[in-house]
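Asker: Given only the sequences and the hints, what does the whole structure look like? Please build it.
The listed protein sequences derive, respectively, from chains A and B. Under full-length UniProt numbering, think of the first position of the first sequence as 1, with each following residue one higher. Under full-length UniProt numbering, think of the first position of the second sequence as 1, with each following residue one higher.
The hints are simulated quantities; they were obtained by calculation from the structure and are not laboratory data. Predicted, not measured: the structure shown is a model, and the values here were computed from it. Wrong hints could be hidden among the right ones.
Claimed, not checked - Partial pick of chain B residues on the chain A-facing surface, computed with a CB cut under 10 Å:
| # | residue |
| --- | --- |
| 1 | 2 |
| 2 | 12 |
| 3 | 18 |
| 4 | 32 |
| 5 | 38 |
| 6 | 41 |
| 7 | 42 |
| 8 | 45 |
What the hints assert, rightly or not - Calculated lysine-lysine pairs in the DSSO-like style (CA-CA distance at most 27 Å, straight line):
| # | chain 1 | residue 1 | chain 2 | residue 2 |
| --- | --- | --- | --- | --- |
| 9 | B | 38 | A | 460 |
| 10 | B | 62 | A | 546 |
| 11 | B | 7 | A | 596 |
| 12 | B | 82 | A | 470 |
Cβ coordinates follow ideal geometry from the N, Cα and C atoms, glycine included.
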Amino acid sequence: MNSNVKKLGITSTGGIGAPNKKTLVIKNFKQLPKTSDTFEEDSWNKLLSAIQSIQNKQPTIYTQEELYRTVENLCSEKLYSNLYQKLEFQIDKQTERSLLKLVNQTGDIITFLHLINMCWQDHTSQLIMIRSIFLCLDRTYVIQNNQHLRSIWDLGLYYFKHYLLKFPDLVRKVNIGLLENIQKERNGDRIDSDLMHSLVKMLTALQIYNTFENEFLIETDKYYTIEGGQYMNDNEVPEYLKHTQDRVNEEYDRSIRYLDPSTKRPLIAVVEKQLIERNVSNILSKGFNNLMVENRIEDLSRLYSLFQRVNAIKELKVAFGGYIKQVGQSMINDAQKEATLIQDLIELKDKLDNILELSFSKNQILVYSLKESFEYFINLKSNKPAELIAKYADSKLRSSNKRMSEDDLEVVLNKLLILFRYIQGKDVFEAFYKQDLAKRLLMDKSASIDAEKSMISKLKTECGTSFTEKLEEMFKDIDLSNDLMNSFRDSNQFSSIGIDLNVYVLTGSNWPVQPPSTVELPVEFKEYLDVFSQFYHKKYSGRQLKWQHGVSHCIIKANFPLGKKDLFVSLFQTLLLYQYNDKSEFTIRELQESTKIEIDAIKRNLMGLLNSKTDILLRRGKQKTQPLELDDVIEFNSKFQHKLMRIKVNSIQSQETAEENKKTNDAVTQDRQYQIDAAIVRIMKDRKALNHNTLMTELFTQLKFAPKPVDLKRRVESLIEREYLGRDPENPMVYIYLT
Amino acid sequence: MKVNITKWSSVSTWHWDVNEECCGICRMQFDYCCVDCKVPGDDCPPVWGTCNHAFHMHCILKWLNSNQQQQCPMCRCEWQFKSDQK
Ligand SMILES: [Zn+2]
Ligand SMILES: [Zn+2]
Ligand SMILES: [Zn+2]
Numbered sequence: 001m002n003s004n005v006k007k008l009g010i011t012s013t014g015g016i017g018a019p020n021k022k023t024l025v026i027k028n029f030k031q032l033p034k035t036s037d038t039f040e041e042d043s044w045n046k047l048l049s050a051i052q053s054i055q056n057k058q059p060t061i062y063t064q065e066e067l068y069r070t071v072e073n074l075c076s077e078k079l080y081s082n083l084y085q086k087l088e089f090q091i092d093k094q095t096e097r098s099l100l101k102l103v104n105q106t107g108d109i110i111t112f113l114h115l116i117n118m119c120w121q122d123h124t125s126q127l128i129m130i131r132s133i134f135l136c137l138d139r140t141y142v143i144q145n146n147q148h149l150r151s152i153w154d155l156g157l158y159y160f161k162h163y164l165l166k167f168p169d170l171v172r173k174v175n176i177g178l179l180e181n182i183q184k185e186r187n188g189d190r191i192d193s194d195l196m197h198s199l200v201k202m203l204t205a206l207q208i209y210n211t212f213e214n215e216f217l218i219e220t221d222k223y224y225t226i227e228g229g230q231y232m233n234d235n236e237v238p239e240y241l242k243h244t245q246d247r248v249n250e251e252y253d254r255s256i257r258y259l260d261p262s263t264k265r266p267l268i269a270v271v272e273k274q275l276i277e278r279n280v281s282n283i284l285s286k287g288f289n290n291l292m293v294e295n296r297i298e299d300l301s302r303l304y305s306l307f308q309r310v311n312a313i314k315e316l317k318v319a320f321g322g323y324i325k326q327v328g329q330s331m332i333n334d335a336q337k338e339a340t341l342i343q344d345l346i347e348l349k350d351k352l353d354n355i356l357e358l359s360f361s362k363n364q365i366l367v368y369s370l371k372e373s374f375e376y377f378i379n380l381k382s383n384k385p386a387e388l389i390a391k392y393a394d395s396k397l398r399s400s401n402k403r404m405s406e407d408d409l410e411v412v413l414n415k416l417l418i419l420f421r422y423i424q425g426k427d428v429f430e431a432f433y434k435q436d437l438a439k440r441l442l443m444d445k446s447a448s449i450d451a452e453k454s455m456i457s458k459l460k461t462e463c464g465t466s467f468t469e470k471l472e473e474m475f476k477d478i479d480l481s482n483d484l485m486n487s488f489r490d491s492n493q494f495s496s497i498g499i500d501l502n503v504y505v506l507t508g509s510n511w512p513v514q515p516p517s518t519v520e521l522p523v524e525f526k527e528y529l530d531v532f533s534q535f536y537h538k539k540y541s542g543r544q545l546k547w548q549h550g551v552s553h554c555i556i557k558a559n560f561p562l563g564k565k566d567l568f569v570s571l572f573q574t575l576l577l578y579q580y581n582d583k584s585e586f587t588i589r590e591l592q593e594s595t596k597i598e599i600d601a602i603k604r605n606l607m608g609l610l611n612s613k614t615d616i617l618l619r620r621g622k623q624k625t626q627p628l629e630l631d632d633v634i635e636f637n638s639k640f641q642h643k644l645m646r647i648k649v650n651s652i653q654s655q656e657t658a659e660e661n662k663k664t665n666d667a668v669t670q671d672r673q674y675q676i677d678a679a680i681v682r683i684m685k686d687r688k689a690l691n692h693n694t695l696m697t698e699l700f701t702q703l704k705f706a707p708k709p710v711d712l713k714r715r716v717e718s719l720i721e722r723e724y725l726g727r728d729p730e731n732p733m734v735y736i737y738l739t
Numbered sequence: 001m002k003v004n005i006t007k008w009s010s011v012s013t014w015h016w017d018v019n020e021e022c023c024g025i026c027r028m029q030f031d032y033c034c035v036d037c038k039v040p041g042d043d044c045p046p047v048w049g050t051c052n053h054a055f056h057m058h059c060i061l062k063w064l065n066s067n068q069q070q071q072c073p074m075c076r077c078e079w080q081f082k083s084d085q086k
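Answerer: Set out below in structure tokens:
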């Protein structure tokens, strides 16, 4: 340590509020004369006066440089032990003095907070000044003995904490003051957040923040326990949610503005627990359904984000699913609204999808809950929804649905397909769809063949090729028929007929066919069909044709006394009107006898001709509302007028009759029986012997529809009667496959 | 009044000219094809033996191929295709 030239790089590493990094370079300073007797005392006096000036907030007589050197000289003479003790004593006493002033301080608690904050600010800034003078002591003596000595900065903090804890009530008052201020702020008053911030920093620096934090969290918990109960009672759910959201934001903001960063998480957790978690079931039972009914997107998304904070999505799922089931169930069971059921369900689904997307950020648990709930309620009523879905598709694919663009139609069909996906009885859908498709194709009622084909390919994607095979065959039959008709039209036979005859020749097993009707055709009509039959047999020998007159339709020219009209009518209507070529009135009985059309069909077809808009025929002496009777007299309307030249009278033909509906349903039931029988035989052939319950379980997994256990049992009994199966003589609950 | 038909859209279904409803081998109606085919039509016609029993062509061929005796499966008489059919 004797070198004349020293080069010291000094980096201050003090605690909070320490001066910035600086480098002191000291060169060529002369060796001071060897210590005089008073050297140590003189030096200390000089330093003491500086300390006192700093503590009294007065300027020092000596320059900073001079004071620094004085300390350095004492240190180089290794006199630091004394020096350290004297300095420590000064810090101790000064801290005691200034904190003592705050004891018994009257005045309100906020004034106290200001005073203690000032005291703390003075204390730290003085400490920084003292440390810059005594830096050398820190750098030599303290470092060498850092096991048991505090740095100057730490001395300052140590004594401040010591007296803060020692003097009665000081710390308590700080904590109480802080908590009171926070409560004021929560109740809507403005407070000095800089003061709060500074005092929190003080507690942190003195490492007594934890005590405050604990009390703060307990207070917060109490505050929000009360608020969570009261606010919930006094307000509607949307207000409550909004308030809670605001509270969470406020507390978050508070933690940023003046609390220690570590408090943020436990603080938010307390708010979440008391305002959200504790009220999850209250919120759901008190207001969730309303929010759903009123489609309150914003409130629902607030609810979702709050629930997500406390992992209450499961509870939300239950409420969401419950709401859907409840709404869906009442829609399904409302027989009055059957006509609009599918449209209503599509709208419900749209609304829920919208909520899922905008409010529930497409949460997978909730998306699944929607699917599950739809599947639940839509299958509560077996068969009917499947039938209505098929009919809805029909209404959209019909030419009468003119207002819709191809693109819009695609959208609607896609939505319909989603409902279709939820349905268990897809065979019911298929049967009705087929029925309606047949009518659209055979009566030229299809809006667009492209749309038809697009729907078929959707169904294929959804249910597989075997589902749509039969439907596609129907299109093939139509194409084949068109080709056939083209060559027929080119033939000599065609020109001999004299009317525009078109014939669809269908493969019987592809189409829903009616039993052949034995109507009485006029001679020339029979001739027309014979001409075609001869043409057909030349192309396809070994085949016979059966005529489906019920779906046959015509255009006839009618000479009314008041003008000529073209009438679009069913074949049956044509046959009825032909009667009036000879005579102007008939009873219904007479019409039936001469045409041989079945009586219900006569009545149905007459309705179109008696209709007030197209009253080609009139019923004598009866009200329109009275049902048709066999003895009613139907006469030709000689005053018939219509503004159009071409009049459609056959809309009745494409409508479904009750009889058809029953037939379609019966066909499905019949087909299901075959499927059950086939499945039982398949399983038993494979397993040879099975007890009743195992067989039932197997059947439930293999069958594509949900069978009733009673029906299954009946089929098993039928198979036993037909000797496909037998019962085990030892155990009647075990079935045996008989070969 | 005088009405006259000008256009007629008629609908018919075709069926095989067979007396029996079902094929004696696969038990399917003749309006349906045999179990190996997908759609009814000229690809899967019915055929008759001289005994007048009718089967899907595919069904009887399969039967004759898998049996030593060339017999009609219904009446056990010697199988011969009836000649006046197409
Ligand atoms: Zn066969
Ligand atoms: Zn075949
Ligand atoms: Zn035979």
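Asker: Now look at each hint and say whether the structure bears it out.
Answerer: Hint by hint, here is what the structure shows:
Hint status for residue 2 of chain B: holds, given a least beta-carbon distance of 5 Å to chain A, under 10 Å. Nearest Cβ of chain A to the Cβ of residue 12 of chain B: about 4 Å, under the 10 Å cut. The hint holds. Satisfaction of the interface hint for residue 18 of chain B is found here, the shortest Cβ-Cβ separation to chain A being roughly 9 Å, below the 10 Å cut-off. For residue 32 of chain B, the shortest C-beta to C-beta distance to chain A is roughly 5 Å, which falls under 10 Å, so the interface hint holds.
With 10 Å as the threshold, the beta carbon of residue 38 of chain B comes within range of chain A, its nearest partner Cβ sitting at about 7 Å, so the hint holds. Restraint check, residue 41 of chain B versus chain A: the minimum CB separation of about 7 Å is within 10 Å; hint holds. A cut of 10 Å between beta carbons decides the hint on residue 42 of chain B: the least distance to chain A is about 7 Å, and the hint holds. With 10 Å as the threshold, the beta carbon of residue 45 of chain B comes within range of chain A, its nearest partner Cβ sitting at about 7 Å, so the hint holds.
Restraint check for residue 38 of chain B and residue 460 of chain A: satisfied, since their Cα atoms lie roughly 17 Å apart, inside the 27 Å limit. Our distance criterion of 27 Å between C-alpha atoms is broken by residue 62 of chain B and residue 546 of chain A, whose separation comes to about 31 Å. Simply put, residue 7 of chain B and residue 596 of chain A have alpha-carbon atoms about 22 Å apart, close enough for the 27 Å limit, and the pair holds. Of the pairs offered as hints, the one joining residue 82 of chain B and residue 470 of chain A is violated, with about 33 Å between alpha carbons and a cut-off of 27 Å exceeded.
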